[in-house]
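Asker: Sequence:
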Amino acid sequence: MISTNNSSTPETIIALSTPSGAGALAVVKLSGSRALEIALKLSRRDHLQPRHATLANLWNREDEMMDEAILIYFKAPHSYTAEEVVEIQCHGGTLIARKIIQEALALGARVARAGEFTYRAFLNGRIDLSQAEAIGKLIEAKSDESYKVLLKQLKGELGRYVEGVRGSLVEILAYAEVSIDYAEEDLPSDLEARMVEKIERIAEDLERIYQGSKRRSSLVEGYKLAIIGRPNVGKSSLLNALLLWERAIVSDIPGTTRDTIEESLHLGNHWVRIVDTAGIREAQDAIEKIGIERTLLALKESDMVLALFDSSQSLSPEDEQIKELLRAHQENRRILVLFNKSDLSRELQDSELESYPHRYISAKEGGVEELLSLLASWLDEQGGGEELMLTSERQLLCVKSALGELKEARDRLIEGELELFAYHIQGALKELSLITRPYETSELLDVMFGQFCLGK
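Numbering follows the UniProt record's numbering, in which position 44 of the sequence shown is assigned residue number 44; successive positions increment by one, without gaps.
Hints in this document: simulated from the structure, not taken from any laboratory. Please note that the accuracy of each hint is not assured.
[Unchecked claim] With a straight-line cut-off of 25 Å between C-alpha atoms, the simulated SDA-like cross-links for lysine to any residue are:
hint : residue 1 : residue 2
1    : K142      : L297
2    : K99       : S17
3    : K224      : E370
4    : K224      : G136
5    : K214      : E331
6    : K155      : D380
7    : K142      : R394
8    : K198      : I180
9    : K155      : L429
10   : K400      : E431
11   : K224      : I139
12   : K224      : R359
13   : K198      : Y175
14   : K148      : E163
15   : K75       : S43
16   : K99       : R113
17   : K407      : Y175
18   : K400      : G156
19   : K323      : L348
20   : K99       : R110
21   : K198      : S179
22   : K323      : E293
23   : K152      : R110
24   : K148      : D205
[Claimed, not checked] Derived CB-CB ranges, DEER-like:
hint : residue 1 : residue 2 : range
25   : G212      : L25       : 37 to 43 Å
26   : G156      : K214      : 21 to 27 Å
27   : L397      : Q330      : 24 to 30 Å
28   : D350      : K407      : 41 to 47 Å
Glycine is no exception: its CB is placed at the ideal position from the N, C-alpha and C atoms.
Make the full structure from the sequences, and use the hints.
Answerer: This is how it looks when you write it as structure tokens:
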């Protein structure tokens, strides 16, 4: 558990902030009230000028030089954690950084826990919780669009929006308190109608952001594309063609792919996880049955589906199973039917399949570039990183709960139940506060910051 000690002299922490292993440079970071003192002892210097790079030799307790390094001092509160911070840029490799950390520990620092630097930034008011979440996800960002939306969140745009909504709700709550305390006073006759209108306007805007964020929830983590079809229809060949390398084994033997194969690629500005699934048919053994179950799970979790059919053959019983799956999974995903082997004589005629968006492809005549372009355009339609959005399940749940509270508040206000109206407005305020600064939820904070790397 990360300590929530927020005293004036918190412990000084240290950690490696760059990946462990060989490299040109490594960065070791100190944060806390004794960070400067420890850095001065390591470098045997009298002072470090804030925000200036200082070249210095680092020494151990045996008067042996450990390395020649660059030290940068960030004076509180103008640092990542809002504490005294010193960054030590030493030569790369694990040994040198480890020796520096060991000496700092001997001088009174302790090893930082996972996410503790960012946690301290949060506790010290340097960032809010939505910004902390953005930092964790930005490190893992794989596409231009996810980078855009997370950068907006890191810059505080989501936090400012939430605080604006909270400010409006506080004004509404003040109306409720006045109405309760001074029930016998003459208040404006249209005040209740104005409050109802204001609540509805806030709820409408929150609902817009909530629905848009749900629709684009895969933008940050990566969209999921499932390739489905009967055995030996060409799914693995299609995967290899999309990736431009031989990822999956291709064979004329049906059932060669007995498990799902997942790979990733960029489509335009988007990151997509492609899942090549086991062919749908009556399982021949227990292992193939597990593979088919995973195929169904991949289909349920997908944002887009490529359903592959052999256009040179009439529909088989296995193809009919695929059609049933498409009917059952049309909601909340885009489906593209692909008729493979289009260079051969066309035997497959099916009006239901042709009612879906569809394309004809073949190993000889190609069509993959057109397919990739179409998929990228579909993803562009989902919206990009320019729009404000909620980027975690936690944020979505908070807004959903706040919307429920606002609906109850509106209904209670219309019924004239002012105390219950105030209660539900307070509930909405509490839920929205959880997005940016949940002061009394230490367990939630421990879980969230524990997912960060040690140097963050």
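Asker: Is the Cα-Cα distance between K323 and L348 25 Å or less?
Answerer: holds, 14 Å
Asker: Holds or violated: the 21 to 27 Å window for the beta-carbon distance between G156 and K214?
Answerer: holds, 23 Å
Asker: Given the hinted pair K323 and E293, is their Cα-Cα distance within 25 Å?
Answerer: holds, 17 Å
Asker: Taking only the CA atoms, is the gap from K99 to R110 under or equal to 25 Å?
Answerer: holds, 14 Å
Asker: Is the straight-line distance between the alpha-carbon of K224 and that of I139 25 Å or less?
Answerer: holds, 20 Å
Asker: Hey, K99 versus R113, does the alpha-carbon distance stay inside 25 Å?
Answerer: Distance ~19 Å between K99 and R113 Cα, so the pair holds.
Asker: Next pair to validate is K142 with R394; report whether the Cα-Cα distance is within 25 Å.
Answerer: Holds, because 21 Å separates the two Cα atoms, which is no more than 25 Å.
Asker: Starting from K214, check that the Cα of E331 is at most 25 Å away, please.
Answerer: holds, 14 Å
Asker: Run the distance test for K152 versus R110: straight-line Cα separation, threshold 25 Å.
Answerer: violated, 33 Å
Asker: Given the hinted pair K142 and L297, is their alpha-carbon gap at most 25 Å?
Answerer: Between K142 and L297 the Cα gap is close to 24 Å, so the pair holds against 25 Å.
Asker: Given the hinted pair K198 and Y175, is their Cα-Cα distance within 25 Å?
Answerer: holds, 12 Å
Asker: Need the status of pair K155, L429: alpha-carbon distance at most 25 Å?
Answerer: holds, 22 Å
The structure does not agree with numbered hint 23 stated previously, though it agrees with all others.
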